[in-house]
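Chemist: Below, each chain spelled out in residue letters.
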Amino acid sequence: MFRYLLKRLAEVIPTLIGITLISFALIRLIPGDPVLLMIGERGASPEVLAEMRSAYGLDKPLPVQYGVFVGNALKGDLGTSITSSRPVSEEFSERFTATLELGVVALILAILIGLPLGVLAAVKRNSLFDYSLMTTSLIGYSMPIFWWGLILILIFSVQLGWTPVAGRMDVMYDVPHWTGFYLLDVWKSTEAWPAFKSAVSHLILPAIALGTIPLATIARMTRSSMLEVLGEDYMRTARAKGLSRTRVIFLHGLRNALVPVITVIGLMAGTIVTGAVLTETIFSWPGIGLWLVDSVRQRDYPVIQSGILLIATIIIVVNLLVDLAYAWANPRLRGK
Amino acid sequence: MRQNFMKLALIPALGLLATAAFSQQAQAAKTFVYCSEASPKTFNPQLGTDGATFNASSRPVYNRLVDFERGTTKVIPSLAEKWDVSKDGKTITFHLRKNVQFHTTPYFTPTRPFNADDVLFTFNRMLKADHPYNKVSGGVYEYFTSMDMNKLIKSIDKVDDHTVKFVLTRAEAPIIANMAMDFASILSAEYGDQLLKAKKQEMMDIQPVGTGPFVWKSYRKDSEIRYEANPTYFEGKSPLDRLVFAITKDPNVRIQKLKRGECHFVAEPPPTDLKALRADSKITVMEQEGLNVAYLGINVTKPPFDKLEVRKALAHALNRQSYIDAIYLGNAVVAKNPIPPTMWSYNEKTVDDDFDIAKSKQLLTKAGFPNGFQTTLWYMPVSRPYNPNGKKMGEMMQADLAKVGIKADLQTFDWGAYLDKARAGQHQLIMMGWTGDNGDPDNFLSVLLSCEAAKNGSNYSRWCYQPFEKLIDQAKVGSDQKARTKLYQEAQIVFKSQAPWVTLAHSKAFRAMTKNVQGYKMSPLGTDAFYGVDLK
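Sequence order for the protein chains is X and P. According to the numbering used here, the first sequence holds residues 1 to 336 in order. According to the numbering used here, the second sequence holds residues 1 to 536 in order.
Hint data in this document are derived by calculation from the structure and do not stem from the laboratory. Backbone N, C-alpha and C define an ideal beta-carbon position, used for all residues, glycine too. Incorrect hints may appear among the rest.
Unchecked claim - Covered stretches of chain P (in silico footprint by chain X; criterion: 3 or more residues with CB under 8 angstroms from a CB of chain X, positions within the stretch not fixed): (1) 135-145; (2) 220-228; (3) 417-426; (4) 498-508.
To be verified - Think about it this way: if two alpha-carbon atoms lie no more than 27 angstroms apart in a straight line, the pair counts; the simulated DSSO-like pairs of lysine-lysine are: (5) X:197 x P:135; (6) X:60 x P:135; (7) X:197 x P:30.
As the list claims (entries may be wrong) - Restraint-style ranges between C-beta atoms, simulated for each label pair: (8) X:313 x P:128: 52 to 58 angstroms; (9) X:104 x P:235: 30 to 36 angstroms; (10) X:201 x P:200: 58 to 64 angstroms; (11) X:77 x P:261: 42 to 48 angstroms; (12) P:169 x X:180: 50 to 56 angstroms; (13) P:167 x X:177: 45 to 51 angstroms.
So that you can see chain X by itself, here it is in the shape it has in the complex:
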């Protein structure tokens, strides 16, 4: 097991190097100089431009800039944002909790709805319910998030007025910073209950928009996995032994069908992050997605390269943990 861990850790190193190189190079390939973007129409003397470039370390040759980036990152210094002059790590941690809160709620929503729907569709195989669910989930799976998000806003916020248009919380509530998760932080506020209601009402639409693809995936995956399990001999045996149908389905069937579903849920971390970029932009949700999109627009090099590195590291760590869990559960994998 220890050797397997070492082997997997060794594989992580070239991946991380590749990510630093790609994130560093890609943003510099896009035309546009961050210093000129900051100056805008105004223009500035060559001396001022040189001074600004030097202040942000942009006057150095690219390999040197890359070396400085990697060297500092190894020391835990992820640089300072060009646009806000704040450390990237500080901005990231502030933003990450917002994305995590949205992602977790979206995933919980997807699991709570997707799993039972998948099971039902499998049990009622080839019924009208099954066909309509599968068609709906296919639509849900193929719908572009930006379009879906806008439709949700138009219907529920603009037409019906049930939910707020955007943001994370009604600004009338001054929520103290405690964990960064508003659903928890509101309980430290003087108006806890109304603030909580406001946080939930702000969260609901983005969570639906972001959770739709995972929901459709989970429902479809659960259905096919359940279908396989339902045909197994041990299911028939359990029924023959006199166990009730519900008990057999949920206790024997779902439990075994869940293994591949859990794998898919584990892999959803990446989908959630990419989906968050779009969802956050539409709902003005102050998470890492919106942060990265703005940084690309403003060519905030330190934020983009370090932000991508941080997100990639988190996804790599999650995947590594999933792999380790498998290896622990299934010794045959360790040798592969």
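Take the given structure of chain X and dock chain P to it, following the hints.
Modeler: Chain P alone, transformed into the frame defined by chain X:
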């Protein structure tokens, strides 16, 4: 046992009562919510260049030695009660207001009122490379430098605690207006010393302390900024108790929030929404002629645009009124001068180049291009208040130019690349514009059309014409506004005769707010300040 139970039951009941009382108190406190369009880049206006930064820092938190009167560009006393200019125009003495307090916050408690040390601290930070704060937060004072203040100020001397003398390298009239600009906001030297001792200098630009009408409370990037009214503000406490900036980048979302009452005020509503907003009984729309200009810059260094006849032919070929109707939806006026009509010294007598295809063709023939020629026209990839839709305008221009035989290929780049290439003079025809900083004509004519700016890039026509240069240079040093007006009016005639631009439009600026917002005055400079605003 029963008594204990009663006591236990009383605790949540009291808690509920306390909560209810707080809610009433919160409602009683006047909280004004401004749906702003972007996060500030810093809370130190010395380091900023954009409206979002100034709206969030200099306007609520700070004051300057002089300020612009609310809703105008008239310079009025602020932290300086009065000022004297020496005869040669090279020395300005500011007499400071007494007993002005800096904000008391959880991170700073002032022990003395504002005095000359704060003025020296503020300007020397930007001026002197050896100042302990000069290099803090990047240390680039772009506005200060671009207004040439680093070359203009020779020294700043403290005469006494309430008198400061600015010695200049040359006489320059616009410096008083420059002192009212955001970058000249006065910082606290005492707060600076405290942070220096704690080795936390960068906090000065993150957690601001000023003398302004609102005290900074908290900030969450891309989410909200909170302020509370300054109870000791020298012009009296604001009628608003709290000010909240709800940062909402999407203009459509801002409008929806305003309609739903989630904010009281929005900046720059999209022109397409104005009609619906005006029809809404709960919303007031304010408008004002903006201090701006949109223009088509002609690179005079590139043939055939080095020929005056060709430039004039372009001016006659473009049907600018049609752009005002289609792109600005009527919310602009055709520009004939490089400065807007609201600015002093605007020359009413300038004769505009009217839309006349025959005349345009005639001029092209005279220049040796009877069948026109081929060129490229760069259109703006971003929307600006002075030009809401560069692409559409480019297409309309292309169609107009085709009528006189000029085949213009439309081109654009990402905004950063656009500016980059334009600075390098790679363009032939370029769409550009400008919004004024301080209400002084020099801020348009020198910044956009001087020979120095042709070298630095903000003169995108790369037009350096000595008769024009002489006039604006002369006007810059004079302190008599009448004499300056005459020189600037003459400069506008020279500009028009040489046609380095086709002047396109001066657009109007808009603000939308809920009906209960009272006392707001639109600034011609485009910034939003909420001192003097009340909720009824």
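Chemist: Run every hint past the structure and note whether it holds.
Modeler: Going down the list of hints, with the structure as the test:
{"no.": "1", "hint": "135-145", "result": "holds (count 6)"}
{"no.": "2", "hint": "220-228", "result": "holds (count 6)"}
{"no.": "3", "hint": "417-426", "result": "holds (count 4)"}
{"no.": "4", "hint": "498-508", "result": "violated (count 0)"}
{"no.": "5", "hint": "X:197 x P:135", "result": "45 angstroms, violated"}
{"no.": "6", "hint": "X:60 x P:135", "result": "19 angstroms, holds"}
{"no.": "7", "hint": "X:197 x P:30", "result": "22 angstroms, holds"}
{"no.": "8", "hint": "X:313 x P:128: 52 to 58 angstroms", "result": "43 angstroms, violated"}
{"no.": "9", "hint": "X:104 x P:235: 30 to 36 angstroms", "result": "48 angstroms, violated"}
{"no.": "10", "hint": "X:201 x P:200: 58 to 64 angstroms", "result": "38 angstroms, violated"}
{"no.": "11", "hint": "X:77 x P:261: 42 to 48 angstroms", "result": "45 angstroms, holds"}
{"no.": "12", "hint": "P:169 x X:180: 50 to 56 angstroms", "result": "51 angstroms, holds"}
{"no.": "13", "hint": "P:167 x X:177: 45 to 51 angstroms", "result": "47 angstroms, holds"}
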